[in-house]
Amino acid sequence: MMSIGNRTIDWILAILLIIVIIVSGIGVYYSSAIIDKLDEMSTTQAQDYASLLAAISSSSATTESLLEALLDAISGLNISLPLAVIASASPTLGDIPLTVSFKAVPIGGTPPYSFEWNFDDETATSIERNPTHNYTTAGTYTATVTVTDSGQGTALDSLTITTTSAEELVVFSLWSGAEEQNFEQVLANFTETTGISVRHIGYTTEELLITVPTQLRAGVAIADIIMAPWSSWILNLAGEGYLTSVDNLIDTTKFPQTYLDQVTANNRIWATPFKVSGKPGFWYRESFFANNSLTVPTTYEEFETLLGTIQAIPGVEAPIASGNGVGWPLSDTTEAFIIGLGEGGYQLQLDLIFGDEQFNSTVVKDVFEELASLLQAGYFSVPDDFAAQVARVWDGTYGMYFQGSFITAFEPFASNLDDVGFFPLPETTGVTGAVDYAIIPALTDHPIEAGELMTFLAGAEAQEIMVGLGGFLASNIDVPDSAYGPIDLEVLQFMRTVTVVPDLDDAVGGAFQQAFWNWLKLLWVDPNTDLDTLLQTLQDAWTPPPF
Amino acid sequence: MSRQITPFLFLIPTFLLVTIFVLFPIVNTIYISFLNQEGEFVGLGNYVEIFSRKDFWNPQALLEGKLHSYGALIHNGIWVLIHLPLSLFFGLLLAVLLREVKGGAIIKSIIFLGMVIPLIVGGILLRFIYDDHAGILNGFLRVVGLESLARTWTAFPQTILIALIFGSVWIWVGFSMIVYSAGLEGIPVELFEAAKIDGASRWRTFWRITVPMLRPATIVVVTMTILWELKIFDIVWIIQRGGPGAASNVMALDMYMDAFFNIPPNYGTAAAIATILTIFTFGIATYMVYQMVKS
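Read top to bottom, the protein sequences are chains A and E. Mapping of the first sequence onto our numbering: residues 1 to 547, in sequence order. Mapping of the second sequence onto our numbering: residues 1 to 295, in sequence order.
It should be emphasised that the hints constitute simulated quantities derived from the structure, not laboratory data. Be aware that one or more of the hints could be misleading.
[What the hints assert, rightly or not] In silico DSS-like links for lysine-lysine, alpha-carbon gap of 30 angstroms or less:
| id | chain 1 | residue 1 | chain 2 | residue 2 |
| --- | --- | --- | --- | --- |
| 1 | E | K54 | E | K66 |
| 2 | E | K102 | A | K365 |
| 3 | E | K66 | A | K365 |
| 4 | E | K66 | E | K196 |
| 5 | E | K54 | E | K108 |
| 6 | E | K102 | E | K196 |
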C-alpha cells in the first residue's frame, strides 16, 4: 500500500507536468503566431514590418530563441527586408555594480554587419555584436545599438537599463501630513533620477532633538540626512565633530547669506538651507472677514479694534487661535510682538539672541506687558492642537491664527487658498524666517550618496517641486517667482519688504528653548503670571548661540 | 567545606550580571553626581544646585498658598499622596466587585489594558480625554450640567498635576486590581464560612478577614505603586513636558532635561537627581521587602 508521502509526491509531479505542458503550449503558440504574421507580410510587407518589429520588441514573450525562430521564418519566406536591428539585454534592472549582457539581432539589409553600442554612461562604446557592460553608477540609461550593413545602410534600436543603489538612504525630518507627503515626492524624484532609494522617517521635535545626538554620541548614525530647523543644535553637533561640512556640496552663491551665517562655524558651512518658513502674521479666512465687514488693520490701534470687534461676533470663542504642540506656536506669536512692538523693532530680536539685550530689561517687559494685556482681555484662545485650530479658524470659532507660511499646506486652508489671506502685525519692521536645514552626519555609511542627495536638495529643481506643492518657500534664489502659488508668493513678497531675522528659540536652543516654550504656555493660560519671574527665568536659561 | 561553598558558586553568574548591569551603573551614577560639566570633582555642589532650582524644590509656593509649581520633588510627593490611596482603593474595589460577576474576567482584562498599552500612548489618550473640544471628560461634564468645569485640564497649571495623577490612576489601577484578585483567590474559603456561621456581617467579614489576609498583596501593590510614582515620566512628558511653566515637573523629567537638553549636557546634576531617586526607591523597596518577609 502506498504511503501518504508517496501519494503527495505523485500529485506534485503531476501538477508540474501539467505546468510544463501549458508553458510549452504557450511557447508554440507565440512561435506560430510570429510565423503566421510573417505569412501575412508576403502580401502587406511594408505596413506590417514596422508593427511586427515593435510587437516583438515589446513582447514579454520575446526571447533569443524566438528571435532565432523569426530569422529562420524570414529566410524560409525569401522576403527582402530593409535593415533593422533588435536589441536585448539581461538584466535590465539591478543594483550597482550591474553587469549587463547586450545582444543585437540584425534583420534584413545586406550582410556583413558592423555594430556600435553606446551605453549612455559616458564610457567607451563597443563594436562587439553582443558585448557585456558594467554599470557602476545608479541611474537610468538608454543603451543604443547601431548596425551598419555592407551597403552602408544603418539602423538602430535602444533599450532602457535602470541601475539602483543597493544602499538605501534614510532621511529624518519633523514633517508630517501634507508636508511629509510633499517632501516624499521630492525624494521620489531624486530616486527616479539617480536610482538611489530613500526612506523618509518623520520624527517629533523631542525625538529628533534628543534621539539624534544620543545616537551620534553612541557612535551610530541611523539617518544619512537629517532635516532640522535649529541652527544652534546643528552647530553644537558640528562642534562635537558629528557633522560633515557641506561647502563642497552646494553653491553658496544661491542662498541669502543670513541663512548660511546661522550654520557657519570655523569658516565652514555645516548645513544646507532647504525650506524657509516665514512667520508673516495672522492668517484668516477672507470670506469670514467679508461677511462680518472686517478690514485688515494697518496700524496697531486698528489691530486692537479689530480684536474687540471679532470678539463680539456671535459664535466666536476668541479672536486669535492659539496652537499647542510643544510650545512653538506660542513662541512664534511672541516673537512677532517682540519684533513688531519692541523698541528697535527686529533689532531687539537679534539683540536677545546674541545677548546684547536682557530678557528682564524694561524694553522686553513692555512687550510682554502688552501681550499679557491682550491675553487678559481674552483675545487669544487656550492653546490647543495646532492642526485642529486650523479647522476652527475655518469654521469661525476663531477669527485668525498667527502661523508660519506652512499653514497653507494644512487643510482646510490647502484646498481653499482662494479664500485665505494674511496680514502682518501692523507697522512691523521684521519677520521671523525659520529655515529648515539639511545636515549629513559624519558617521553616515553612505557619504557619497548622501552628498548627492544633499546637492539635489540644495538645488533649484528640488525646491521648485516643493514650492509647486504649496506651503514652502525656497531658500535657493534661483527658484523663480512664477513657481509659487499666489498666496505663497504674497508671503515671499512681503518678506522682501521687511528684515528677516532668525527664530529666537531655534537660534538659542537648548534649555532656553524648553523654558521659553513652557513659560509661554503658562502665560497664555494665566496672563496674570508674574512677568518678572517669567523674564528672569528666561534670562537664566539663556546661553550664547553657537554662531 | 565544598558543600558550604558550592551554593555560592551557583550564584556567581547571577551576581556577575547584577554587578555589571545594576550595581556598576548605580555606583557610577553616584560618582558622576559629584562631578561638574567639565568632569571636575565638586562634592555636593550638584545637589546644592538642584535644590536651589525652583522647578525642582519650591516649598515656598506651597507655603504661600499657591495652587501650583511646587517643584519636581514635591510634585512627586503629591503624586504618592494622591495616587497611592486611589490605586489601592479602586484596585481592591474592582477586585472584590468583579470576583463573582459573570464576565468578570473579561471586564478585568479590559481594565488591565491600561497596563498593556505603552505609556506614551496612554499619555496621548489622556490629552484627548482632557481636551476641551474633543474630550470625553468635558463632554460628560457638559451633559450633567457642570459646564463651568469644562476646560482643557492639561493646559492650566492649577489642574494639570491632578489631571495627570487621575490619568495615572486610570492606567495603573489594572495592576492593583490584578494583584488583589490573585490575593483574594488565596484566602481560604473556610475563613469566610466560619465567619458566616458566627453571624459576622459582610462588612465585618471584609474588615476582619479579607483586608488582613490581603496584607502581602497590599505590600506588593504599595511598593510597586510608589516606585511607579517616583519614576513617572512618560505621560508627563507627552502631555506638557512639565509645563505649563513648571506646574507638572517631576524628578525624572528634570533629570532627562539636564542630561539631554542642556547644551552641553549636565550629567552631574542629572546624576544627582538620579541618586536622590535611587535613595528614595531603595529605601522604600527595602522597607517593603522587610515587611513582606516579616509577614
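**Asked** Honestly, which of those hints from before does the structure not fit?
**Response** 2, 4, 5
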